[in-house]
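A.B. asks: One line per chain: the protein sequences are A and B, in this order. Per the working numbering, the first sequence starts with residue 1, numbered consecutively. Per the working numbering, the second sequence starts with residue 1, numbered consecutively.
No lab work stands behind these hints, which were simulated from the structure alone. Built from N, CA and C at the ideal position, the CB exists for glycine as well. Among the clues, some could well be false.
Label-pair distances were calculated between CB atoms; the ranges are [stated by the list, open to error]: (1) A:Gln-43 with B:Asp-283: 49 to 59 Å; (2) B:Glu-340 with A:Gln-43: 45 to 55 Å; (3) B:Lys-511 with A:Thr-51: 51 to 61 Å; (4) B:Ser-254 with A:Thr-51: 43 to 53 Å; (5) B:Glu-340 with A:Leu-114: 49 to 59 Å; (6) B:Ile-508 with A:Gly-42: 18 to 28 Å; (7) A:His-120 with B:His-338: 45 to 55 Å; (8) B:Lys-511 with A:Thr-89: 25 to 35 Å; (9) A:Gly-42 with B:Ile-327: 54 to 64 Å; (10) B:Glu-505 with A:Gln-43: 30 to 40 Å; (11) A:Leu-114 with B:Lys-250: 35 to 45 Å; (12) A:Asp-67 with B:Ile-508: 23 to 33 Å.
Not close to chain B: a few residues of chain A, all C-beta gaps over 12 Å, as computed [to be verified]: (13) Val-9; (14) Val-12; (15) Arg-22; (16) Gly-30; (17) Gly-63; (18) Asp-91; (19) Lys-112; (20) Glu-116.
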Amino acid sequence: MSFVPGQPVIAVVERIEIKKLRHGDNLILGFSIGGGIDQDPGQNPFSEDKTDKGIYVTRISQGGPADEAGLKMGDKIMQVNGWDMTVVTHDEARKKLTKKKEDVVRLLVTRKTLEEAVKHSKGKYPRP
Amino acid sequence: MDNESQYSGYSYKSSHSRSSRKHRDRRDRHRSKSRDSSSRGDKSVTIQTPGEPLLDAESTRGDERDDNWGETTTVVTGTSEHSISNEDLTRVTKDLEESSPLECKRFIGPALGGCLSFFALVTPLAFLILPQVLWRDALDPCGTPCEGLYVSLAFKLLVLLISSWALFLRPPRATLPRFFVFRCLLMVLVFLFVASYWLFYGVRVLEPREKDYRGIVEYAASLVDALLFIQYLALVLLEVRHLQPAFCLKVVRSTDGASRFYNVGHLSIQRAAVWVLDRYYSDFSVYNPALLNLPKSILSKKMTGFKVYSLDENPTNNSTGQSRAMIAAAARRRDNSHNEYYYEEAEMDRRVRKRKARLVVAVEEAFTHIKRLHEDEVASSPKHPREVMDPREAAQAIFAPMARAMQKYLRTTRQQAFHSMESILTHLQFCITHNMTPKAFLERYLSPGPTMQYQQQNGRGRQWTLVSEEPVTSALRQGLVFSLRRLDFSLVVTVTQLPFLRLGEEFIDPKSHKFVMRLQSETSV
Numbered sequence: 001m002s003f004v005p006g007q008p009v010i011a012v013v014e015r016i017e018i019k020k021l022r023h024g025d026n027l028i029l030g031f032s033i034g035g036g037i038d039q040d041p042g043q044n045p046f047s048e049d050k051t052d053k054g055i056y057v058t059r060i061s062q063g064g065p066a067d068e069a070g071l072k073m074g075d076k077i078m079q080v081n082g083w084d085m086t087v088v089t090h091d092e093a094r095k096k097l098t099k100k101k102e103d104v105v106r107l108l109v110t111r112k113t114l115e116e117a118v119k120h121s122k123g124k125y126p127r128p
Numbered sequence: 001m002d003n004e005s006q007y008s009g010y011s012y013k014s015s016h017s018r019s020s021r022k023h024r025d026r027r028d029r030h031r032s033k034s035r036d037s038s039s040r041g042d043k044s045v046t047i048q049t050p051g052e053p054l055l056d057a058e059s060t061r062g063d064e065r066d067d068n069w070g071e072t073t074t075v076v077t078g079t080s081e082h083s084i085s086n087e088d089l090t091r092v093t094k095d096l097e098e099s100s101p102l103e104c105k106r107f108i109g110p111a112l113g114g115c116l117s118f119f120a121l122v123t124p125l126a127f128l129i130l131p132q133v134l135w136r137d138a139l140d141p142c143g144t145p146c147e148g149l150y151v152s153l154a155f156k157l158l159v160l161l162i163s164s165w166a167l168f169l170r171p172p173r174a175t176l177p178r179f180f181v182f183r184c185l186l187m188v189l190v191f192l193f194v195a196s197y198w199l200f201y202g203v204r205v206l207e208p209r210e211k212d213y214r215g216i217v218e219y220a221a222s223l224v225d226a227l228l229f230i231q232y233l234a235l236v237l238l239e240v241r242h243l244q245p246a247f248c249l250k251v252v253r254s255t256d257g258a259s260r261f262y263n264v265g266h267l268s269i270q271r272a273a274v275w276v277l278d279r280y281y282s283d284f285s286v287y288n289p290a291l292l293n294l295p296k297s298i299l300s301k302k303m304t305g306f307k308v309y310s311l312d313e314n315p316t317n318n319s320t321g322q323s324r325a326m327i328a329a330a331a332r333r334r335d336n337s338h339n340e341y342y343y344e345e346a347e348m349d350r351r352v353r354k355r356k357a358r359l360v361v362a363v364e365e366a367f368t369h370i371k372r373l374h375e376d377e378v379a380s381s382p383k384h385p386r387e388v389m390d391p392r393e394a395a396q397a398i399f400a401p402m403a404r405a406m407q408k409y410l411r412t413t414r415q416q417a418f419h420s421m422e423s424i425l426t427h428l429q430f431c432i433t434h435n436m437t438p439k440a441f442l443e444r445y446l447s448p449g450p451t452m453q454y455q456q457q458n459g460r461g462r463q464w465t466l467v468s469e470e471p472v473t474s475a476l477r478q479g480l481v482f483s484l485r486r487l488d489f490s491l492v493v494t495v496t497q498l499p500f501l502r503l504g505e506e507f508i509d510p511k512s513h514k515f516v517m518r519l520q521s522e523t524s525v
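Chain B with its partners taken away, still in its complex shape (with noise of 0.2 Å):
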């Protein structure tokens, strides 16, 4: 901070206009916040451009700006948030650059699967297929017992399809930095089995042409079964082994400490990462930039301290002493700036307030001024003729009069870079259509929401960077921590075990249920 101009707090406040100061203020605030977000890493760097240029506070908009920096940026080990399924054998080159066009890495990963798993569909077809055409006339005849089979055969295969469709082909939701274990495990497992029962086909049955065709049937069926059985293993593994709760996680949020505790069973890092991102996006109110910091003139004060310079270049002992007393006499004046942010909280607790109450009645008396027409209305008497209005026009005539205080109130509460003029006006659309009231209407402004509802749909995802010190495929265990990182905030997340529980159990019987009354008597003697 020495590089920081010293001002003393007080000539600031005599000399110039109180808002003029306030934007000073949070200038100084962006500028200094800007130039302290530095590169770290563990095991992923990222490099950012210099600090974003001087942010005004009607200027900030959430995350919305992150995803614009994906094409002037040059990201080391980017890792996108949204896209791929079983994609991780293509992880293997790392992409270095994130750029737009990278929509078609996403699906390279779902259509690796979906060609495996056709593949292992079709095999038993093709196993029962070729010798009926390659020499049919060779072959025994088969009668009862193999139609038996081929009935079996498709309904279990139909099951299969069912299963594989409802399990595995779902829009993935998430990138993860490296492999995903137990997909790779069972892709690979998948596709060893389905090549060993070619194997075996090709060298017991293709070349010598074998003629029980009962056996070949019998064959097809054992590689459904087995196939029904790597799925069920792929169901434990990647669905059910994880839904135990064994470690609880407590998520912060590094610049303004909103906090939650969440609880999870057996995953890796990496997918606990993406399961604490989804909770993120609904639990944590959204990050305001703007309200983070103490006012520049409280915190100035500090700062304006004694400097003790020492110019002798052999300091005596009396120099050091009489410095030392100087500094002890500093720190004992008496500190107020606790008190200057308890009042200026006080302050802004009753401008929060009064803006409040302006824009509750403001919407109140705006909403009176409008209302539903119904079908059997007749639609207008010559006398008084009414406009008949949809549901656009009607907010757009409603919001004139209580677009200044909402405009103040936003402005108060330093949300006005999540509420455009534009989205007011959509909301207020979006809330006479659906009968809401005003309190419903203001629902949206009163409290911050969840990061959800300031997202806006674009198809490239977010971007988070997992920072930790261990590798991201091992297990969670206790004292894990690992952080997930944005460009301007990074959430930590600290884990530890639950409990063991030891449930004993005791027996009351319900006629055991006795009182007295207490006794304070008093005897005269």
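Looking at chain A on its own, in the form it has when it is part of the complex (with noise of 0.2 Å):
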């Protein structure tokens, strides 16, 4: 999940679709965000690489529709609806997600176990 700067990023991602619940007057998803280009990532507590400024889920509620889509606590977001969040401030990630025309948010997202889930399949096929 490092990246070099002026390279393209390549990360495993997975797709997750999350429908937003309505609650009074809001529309909720049920997570929290951490992280943006304008926060501190050393304190990131889930970022392989402390330099990493990204957009990562911080906290699920139980039960919430983030939870029943599988979002897991600790996954960096790399897009959501096709909106890049890899190079964004919190505050335009937050933005975003909340949109309140949107009743569904299509996010790409990474952890390291997909990595490793890859890298692990890709072993045990023989090579061509």
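From the two separate chains plus the hints, produce the assembled complex.
C.D. replies: Next comes the structure, spelled out in structure tokens:
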């Protein structure tokens, strides 16, 4: 999940679709985010590379829409509905996630276990 | 080490008592040390009489003993450290024997320099007086201008006299092995100068009996001016040039690794050596030969290994392979001498601390027994007669209770050679006289002081040998190494050049110091 500045970021991602839940007047997703290019990356407990200023999922409320969709704590969000989340400020990220007109957010998230799973599965197949 | 008998440390420990083993170890240590000290020389050669007698740790006296060797040792290229200033012309004949009636030789130098400067100072006066004495009547009368010149001449001579006294008439500190180049240069310059002036005077004034007295006075005044300038040159060359630091000297004592760094300016090797020795006496802790080596019992373990001798004339491959295997097996066997060393060190520390605690308590208690008698206190009522003592008696009175603790402490820290009972008593008397606390009294014994503290003042001075691969009048430069040797240890000096500093400038606007908080927000969506 570390990146080289100037090079394209390559990651194994999982597509997660979360339907927003109506809670009173608000549409909520049921998780909290942390991080952003205006934040201090050293204090992020979930990132491997402590200079990573991406958006991370810091908390998931039990039984909420995010939890049901399969989002896990510590996931890094790469895209939200096609919008890039790797180089955004904290507030921009929040805005992209809480658009009132959208009912559904389609996230591309990455986590370490995905990479490992792919590597693992790669290893099993005999080389062509 | 082949001719030392090998004994296994274990049997030693078990069969002999601890103290006798220590005593034996100490003796063995000194024996090996004296055999190992050999003479080597690059430029200077020192010959020593074979080994010192088996030194008991009790009788080792630091530097003091070396001076007594002067009478019985023959030293080639001895250089004594103290004495003589502008001597160097006499150094052409190097003295091969260092004998005690060296005193007169020290003062030849200053005498020579003194004569030369006396000669130089008297010359202008002679220039003025001679015409007056010899052909007074024929001289042109010379009024006010001459008197003005007389006054200026007098003051300039006075200034010359005072500054010569201040700069050059100081007791000299060292004898250098070779000419002190700058000093010789200056003396030669002064001599040539004055001689040429006399020559000119003789030819142009004395011969034809010159009548123009004012010219003569001006001539004398010009000589004094020139002497003042030479003195300025001397000041710059001898005193000022070496003040700006240019080199860093690292001085390491060869026996125990005590080291210091000093910054010096541009000096020749011999002057730098004198400079270092000046600092050595006050910066380095005193050399204590009793504190040097690891106890034999620890080192000897290493020596009991396999020794493989091959008795065949043509050793086959098999046997060498076998012996190699045996040696490898011996090496792989666990070597525990470091363990022993560690525990012995810890034990030693503990012992020293215990003794130190006892000593401190004993001294504190002893000091409470006496107090100073003030003048206004009434000398004694018949009911409580108090004996009034002078410091010496007071010291003797309170010495007894602390003597034992002191002696034990000194033995544990191996310092007993440096402090005799007499010296401790004198120091105690000194401390009592100056109202010092027990802690101040003990400061001298709790930490080894600089060598200067243990010096006895005798006129003969300390003998050091400068060993160097370069000629000793050459200037210091990067990478030079020379050493200063004494009979049982030496100081190795390495020269490094101080780095050239490129100082840049950066201006910071005082209004530009601004700060923000670090953000770490978490938003729930």
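A.B. asks: With reference to the structure, classify each hint as holding or not holding.
C.D. replies: Now the hints, each set against the structure:
1. A:Gln-43 with B:Asp-283: 49 to 59 Å: holds, 50 Å
2. B:Glu-340 with A:Gln-43: 45 to 55 Å: holds, 51 Å
3. B:Lys-511 with A:Thr-51: 51 to 61 Å: violated, 31 Å
4. B:Ser-254 with A:Thr-51: 43 to 53 Å: With Cβ atoms ~52 Å apart, the hint holds.
5. B:Glu-340 with A:Leu-114: 49 to 59 Å: The hinted range 49 to 59 Å holds for B:Glu-340 and A:Leu-114, with Cβ atoms some 58 Å apart.
6. B:Ile-508 with A:Gly-42: 18 to 28 Å: holds, 26 Å
7. A:His-120 with B:His-338: 45 to 55 Å: holds, 48 Å
8. B:Lys-511 with A:Thr-89: 25 to 35 Å: holds, 28 Å
9. A:Gly-42 with B:Ile-327: 54 to 64 Å: holds, 55 Å
10. B:Glu-505 with A:Gln-43: 30 to 40 Å: Given a distance of about 37 Å, which is inside 30 to 40 Å, the answer is holds.
11. A:Leu-114 with B:Lys-250: 35 to 45 Å: Roughly 59 Å apart at Cβ, these two residues miss the hinted range, so it is violated.
12. A:Asp-67 with B:Ile-508: 23 to 33 Å: violated, 52 Å
13. Val-9: It holds; A:Val-9 is separated from chain B by about 23 Å at its closest Cβ, greater than 12 Å.
14. Val-12: Given that every Cβ of chain B is farther than 12 Å from that of A:Val-12, nearest at about 24 Å, it holds.
15. Arg-22: holds, 14 Å
16. Gly-30: violated, 8 Å
17. Gly-63: holds, 15 Å
18. Asp-91: Its Cβ does come within 12 Å of chain B, the nearest being 8 Å, so this is violated.
19. Lys-112: holds, 21 Å
20. Glu-116: The assertion about A:Glu-116 holds, with a minimum of 27 Å to chain B.
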